[in-house]
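Asker: Residue strings, one per chain:
Protein chains: 2
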Amino acid sequence: MKSLKPTILVTNDDGISAPGIRALIDEMRTIGDVTVLAPDKPQSGTGHSITLEDPLRLNELKTDGTYKEYSCTGTPVDCVKMAVNVVLHRKPDLLVSGINHGSNSSINVIYSGTMSAALEGALEGIPSIGFSLVNNKPDADFSAARKYAARFAKLALKKGMPKGCCLNINIPNLKEKQIKGVKVCRQANANWKEEFDIRTDPFGSKYYWLTGVFKNYDKGNDTDEWALANGYVSIVPVQYDVTAHHAITEINDWNYER
Amino acid sequence: MKSLKPTILVTNDDGISAPGIRALIDEMRTIGDVTVLAPDKPQSGTGHSITLEDPLRLNELKTDGTYKEYSCTGTPVDCVKMAVNVVLHRKPDLLVSGINHGSNSSINVIYSGTMSAALEGALEGIPSIGFSLVNNKPDADFSAARKYAARFAKLALKKGMPKGCCLNINIPNLKEKQIKGVKVCRQANANWKEEFDIRTDPFGSKYYWLTGVFKNYDKGNDTDEWALANGYVSIVPVQYDVTAHHAITEINDWNYER
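Protein chains in written order, with this note's numbering: chain A, 1 to 258; chain B, 1 to 258.
Read the hints as simulated data drawn from the structure, not as lab findings. Because the structure is a prediction, the values reported are computed rather than measured. Mixed in with the good hints, there may be bad ones.
Remember, identical chains collapse to one label, so a pair may be satisfied in a single copy or spanning two.
Straight-line C-alpha distance at most 20 Å; calculated EDC-like pairs for lysine to aspartate or glutamate [claimed, not checked]:
no., residue 1, residue 2
1, K147, E124
2, K193, D141
3, K158, E250
4, K206, D241
5, K62, E124
6, K175, D33
7, K137, E250
8, K62, D26
9, K163, D241
10, K41, E69
11, K177, E194
12, K41, D139
13, K206, E195
14, K206, E69
15, K193, D93
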């Protein structure tokens, strides 16, 4: 007999063993028939990377009734493509990614594997949401974040998703009672000021760790950074059409034809 | 004596040895003081990936007067961050990425390492352009593409770049005389229909190659796909603010506060 529950695909970028995805899986199993396909190792900061130079491996880890769990050797975006085409052979009713260990607010959205998986879902026409908790410590408390994940998963299943986008939902690092509410926001104008940590290996050669300091240049109170700093859950609708429409006229004025 | 020429940073995603970057370097050396920092191996499809799980290595390959050439073990975005912070210790006057072997039109922009390097430049406030030739064969003829690269590099140095964006310039696979002109476009609504090529290794285990067929759903004549199919060079201004502003009202109507 065909299940009447919605099919939910779960992925992330911290890897199949991360506490954040385990919390998300538990919540989604109360809502629908869940298939998990997540990277077999951490893939933070892999952005919209896909694997072209190497083949991919798929590992079947668990089957329990309608619940199925797989890992693969690829990136979060590879996971979405494999899940739809190799495992499910159809589009799920909902794709959820995360719960990420650490913020994906503002410019982090473009580096984030978690959000790139959600964006890949969006461009395949799947209602998709990425969830992130603003705490990247190993003992992070996902109890408030998982409740918001369940609430917005249900809402997305009911309402669908605006055309051409997915949602980037960040949950502040607060107890559930301390969270003031939810704000739908724009991406703050912020970025990272890089600082390379330069070291010397035991054989006398230099190597470089990429580190940095986050800088928010945006004074607006309609941004995700503002919402999170003020105790709100932030929701930014994120699109894959990256055309800077405002700049088309300006470039046309360049008189570029010789 | 300080050089009066502009400082130009050159990178790509096909790796330091690719014919496309060698053509771009040659052209840029006629315009400014060039520093090259490109991946030491092919990094196609790495999107906005950065390297967080491993340290990076930097290899100094050549110095010839003001010309400097390096490779690194990271992604195209890592290359930009290293070039600015470790090699130049300042922002270059121009960043050029490419010339990519193959199209980066429409949705390819979000998977492209070439374009992610240019976008990383943009978010650091550097005038930045990614160039791609719509031909990924080893014997591709870059002679028309390199002329357009030189022309638009000079224009960007003279005019600057519209706020918050970089340029995605694709050159059709035609002789220079056959190219009809240049069109400033929006990103076409297109994507890839995945097809996994499933094989069995000599030890009996399955592995999967990610392949696919490109599908253009967009009938508009103001898109990059239209321009390229009709013999024009396409220019799409690309932004790093990925907020779907049109969707904010729709999500606010979800009545998400319990």
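Asker: Which of the numbered hints above does this structure break?
Answerer: 1, 2, 4, 5, 6, 7 and 11
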